[in-house]
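Top to bottom, those sequences are chains B and L.
Following this note's numbering from start to finish, the first sequence increments by one per residue and tops out at 86.
Following this note's numbering from start to finish, the second sequence increments by one per residue and tops out at 86.
Just so you know, not all the hints are guaranteed correct.
In this list, chains with the same sequence are indistinguishable; a pair is considered to hold if it fits within one copy or across any two.
Unchecked claim - Distance condition first, Cα-Cα at most 25 Å in a straight line; then the derived SDA-like pairs of lysine to any residue:
| # | residue 1 | residue 2 |
| --- | --- | --- |
| 1 | K74 | E84 |
| 2 | K54 | E25 |
| 3 | K74 | G21 |
| 4 | K80 | S10 |
| 5 | K74 | N26 |
| 6 | K74 | E25 |
| 7 | K74 | R24 |
| 8 | K27 | K74 |
| 9 | K54 | E70 |
| 10 | K27 | D72 |
| 11 | K74 | A47 |
| 12 | K27 | D56 |
| 13 | K74 | E30 |
| 14 | K5 | L53 |
| 15 | K54 | A78 |
| 16 | K74 | D59 |
| 17 | K74 | E55 |
| 18 | K74 | A18 |
| 19 | K74 | T12 |
| 20 | K5 | Y58 |
| 21 | K74 | A85 |
| 22 | K74 | G57 |
| 23 | K27 | R76 |
| 24 | K74 | R86 |
| 25 | K74 | A14 |
| 26 | K27 | V75 |
Honestly, the hints are just simulated from the structure, not real lab data.
These figures come from a predicted structure and were not determined experimentally.
There are 2 protein chains.
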Amino acid sequence: MNVIKVSGTSRTSAVAGAIAGVFRENKRAEVQAIGAIAVNQAVKALALAKSYLKEDGYDIFFVPEFVDVEIDGKVRTAIKFIVEAR
Amino acid sequence: MNVIKVSGTSRTSAVAGAIAGVFRENKRAEVQAIGAIAVNQAVKALALAKSYLKEDGYDIFFVPEFVDVEIDGKVRTAIKFIVEAR
């Protein structure tokens, strides 16, 4: 399962669609964002994906965790959101 | 139960402590943030509160939702995070 990577320029509805798609297939999704703008986009997408998936009968929730990722040889701290259902 | 309001200048550890405190008392907490910087601070605080509360045996998750709030007579869209445990 691929991690859905969100940037500050990601469109909320596109990310929400990706989250819903991955979740429907795997009953789980992982979303990663680095920086305040990207994290905000990710959270808005998660809120939107929640309403998409509610229509399919899934009641999803999120668990955030810090992860270190290497980008261009530098270590940065990202937020990873694990998406699961009750 | 009071909603924990997070601003862009809130300290992550202070917010995390507030979340953990409210959660321990109510087995639930609500965190509200407006704007990308505040949402990012809230998410970091949630990730930190998760590790605080894990030590107490709670496995928390959150559910984000959009809420309209009125500030100085203007309606703005905030993100509210409902914090619960499995």
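Going through the numbered hints above, which ones does this structure break? Give me the numbers in ascending order.
1, 3, 5, 6, 7, 8, 9, 10, 16, 17, 18, 21, 22, 23, 24, 25 and 26
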